[in-house]
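Novice: Read off the chains here:
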Amino acid sequence: MAGDIAVVTLGMLAVAAGIAVFVVDSMARATFALLASFLAVAGILLALDLVYLAVVTALMMTMEMAVMAIFMIMFMMNPAGLMPMTMVHNARGSAVAGASVFTVLTVGIWTIDWPARQGTQPDDATRQLGESIMGGHMLVMLVIGIGLFATIIAGTVLATQRGRYDRFGPELDARRPHDPVAGGLPR
Amino acid sequence: MASTAPDRDGLELDALRVSLGPVLPGWPTGLVLTGSLQGDVLTGVEVSWLDQPAAGPSQVPASVAALDSLARFLVVAGWPVAARRARAARDALMAADEATVQRGRDAATPLARMVRRSRTLRWSVRGIGATGDGDVLDRAYRWCDAAAGAHTHTSPNAVGLHDLAALVDGQELAAVRLIVASFDIEAAPAPAHHGMSHA
Amino acid sequence: MPDMTTPETVATSVAAWGLLPAVALVVAVALALGLVFAALDRVVVAGGDANAMAGPSRTVVRWLVKQRRTTLAPDRLLWRVATGAVPVLAVLSMAVVPIAGRTLWSTSADLVWFNAMEALLWAAVWLVGWGPNAVHALVGGYRFLAQGLAYELPLMFALITAGLAAGSLRTTDVVAAQADLWFVVTMPVAFVVFLASAAAFAFWGPFAAPAGADIAGGVVSELSGVERLLVEAGRAIFLGASAAMGATLFLGGGSGPWLPDALWHLLKTVLLMGLMVVAGRRVPVLRPDRYVEAAWVVLVPVTLLQALVVAVLVLSGMYA
Amino acid sequence: MTLQIVLTVAAALIGVGLFGTLSQQSIVMVMMGLELVVNGVLLAGGAAWYFLTPSAPDAQMLIVVALVVMAVEMVMGFAATIAIYRARQVDMVDMAKDLRG
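Residue numbers (this note's numbering), protein chains in the order written: chain C, 75 to 261; chain S, 466 to 664; chain V, -3 to 316; chain W, 626 to 726.
None of these hints come from the bench; they were simulated from the model.
Check before you lean on any hint, since a few could be wrong.
[To be verified] So, partial list: chain V residues that the calculated Cβ filter (under 10 Å) puts toward chain S:
#1 175
#2 204
#3 211
#4 281
#5 283
#6 285
#7 286
#8 287
#9 288
Beta carbons: idealized from backbone N, C-alpha and C, even for Gly.
Extracted from the complex, chain C is given alone in its bound form (with noise of 0.2 Å):
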């Protein structure tokens, strides 16, 4: 019953703090307001037995969302909210879309006869998992970390502006880069 109670709670919070992004004026509030609703369902795994994932989702949405406060402050026009202003358009068509969404799949979840529970919950999930990722799973294993490093360098080349001819010269013959500011390696 106390589960209930932590996951009714935890799951309300989430919602809450999913529109509150979209309502508060302030980017860093909007930003830690995201980060509360993924701490909730971080919470609510936890409530499943689901301890690693719960705990890395947390982990790695809080890195997420402290990027993530970076770039909210660097292009928005109101970081700190001090003047209010609405940066929508067609509020009334997404708010019925979203609305119209939501309603679908409660109904569907409400009405649909779920199959009874298979199998029993393993020992340690995390072990199942990890059994998993490096046995049966190893392929979705191998395409997630191609898929990550093509990202890593996707991203790179997409955001920096310098290249390699600005930092060691149109022949590439600079002994150490010239950057605006030197780094820490002497190279």
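With the hints as your guide, set chains S, V and W onto chain C.
Specialist: Leaving out everything else, chains S, V and W in the frame of chain C:
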């Protein structure tokens, strides 16, 4: 964006008017630096004295003045232990009785050697604020020599406000703090003589 | 590989002593470790003057009675939440450190829990810098983000290396796996990186740039009174917790002859704290724009290599 | 605690996220809407594992993939934002309309 300004990395960001001082750790009291901060780069820098210190040759010995400046520099460079030793040595040198003064001299020499030998300090600040006669590290070393008793003129790292402002323009906030702390800033010349303004 | 301890056989301190006493014990130990660290730190900064030992206690009283000041147009909600979160997260990271052989709560992902608390601390400290709407505090917050980003990966690899050798992410299993050989012997790089990252996450010692004197105190510059106390206490507690965790992961936890386990663990923790303070205070602050490059280009590959070496040792049956 | 309750929360998260994605003008805010949608997927995956197939790791793998999708979306989104912003000082979806094919 409210008001952006071009930047060296091509990413225009908000520019913010800031003033540093008149009371900041490691800087002489009364020194005010104003400029516009974009990201962490300061541009359009102007330096002035809020409270003009007495001009003219100071009464303290060269080694004491050097230890004073060195302690301020070490505070900004983030070495509280060394800064505390420099201040302790300085206080001992200013004492009345000869034994304490000797103790101060004995403390100043190993301190100077420690600062000179620190590879971490060298790695951290080397190359910042380079002028014709060296960077912030060279200036700190000059104070080390003066503190250890080498014969130098009164302030080896003297600089005028105007030159200083030109030197720190376009630097990062942290570099600006270090560069200013690496100079003995001369008192502003009386406005009547020069007619230039830093206001 | 050693047998995985199943959750049933691990007696957490909650199971052993009840919820309230267990939580109280963890909080008390965390506060005590934080105070010890702060005292050691003060002594070293004061040049070995033992009288400075009482410094932190005096400072606590001063901050408690001091009037709070505020800034123009701060983000009060986020600022308050963040200053409160810093000590809470530091104490929570103690939840997976064994005290007298028992952790407050034992999960199958203890090491990730410790890391997640650090990541949350990261966000909280950034908010502490953002909240007051002041230049120096914000610059400090940004420095801390860059620093955390650079040290997060090496720290993860260091933690994972210990988990790899133990074949478990549970701290009590990691201690059990060190019955024959302390992990520091086979993974010295991970050990050093772990301690350095802990200092970086508490922005202390050579990694104090986010609270540096060059930005007038940075993230803590606009804090006063109780809020200052909360953040500084959080830093000290986190450093103490990291030393306890370091002793757990790399120095065999409570194992040792003659003395009881708890005492051995305490001894190792205090020794580690002393080591950190003496080593950390000998050097000046590392400028972020220099060491961030070193962290990415040197530390990440080196810690990965360390993990590879340990993985090969695991396969060769070294830790069996 | 039932499957339906948790799934309803997930559906609400997806609905709110969809609203944000469709309505926001700023690219970064659009990304936050997408993240909320994936957040709902995460929760649904957890519920499916616990209430339907705890003996199989597949639902856990779904959560791992969802986490990775979020990371990739963030990186590429921010990189594209920076690239567009560098090129023409634009950080709004409406201002980049000519990019539509």
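Novice: Now tell me if each hint is right for this structure.
Specialist: Evaluated hints:
{"no.": "1", "hint": "175", "verdict": "38 Å, violated"}
{"no.": "2", "hint": "204", "verdict": "6 Å, holds"}
{"no.": "3", "hint": "211", "verdict": "7 Å, holds"}
{"no.": "4", "hint": "281", "verdict": "3 Å, holds"}
{"no.": "5", "hint": "283", "verdict": "4 Å, holds"}
{"no.": "6", "hint": "285", "verdict": "8 Å, holds"}
{"no.": "7", "hint": "286", "verdict": "6 Å, holds"}
{"no.": "8", "hint": "287", "verdict": "8 Å, holds"}
{"no.": "9", "hint": "288", "verdict": "12 Å, violated"}
Checked against the numbered hints given earlier, this structure breaks hints 1, 9; the rest are met.
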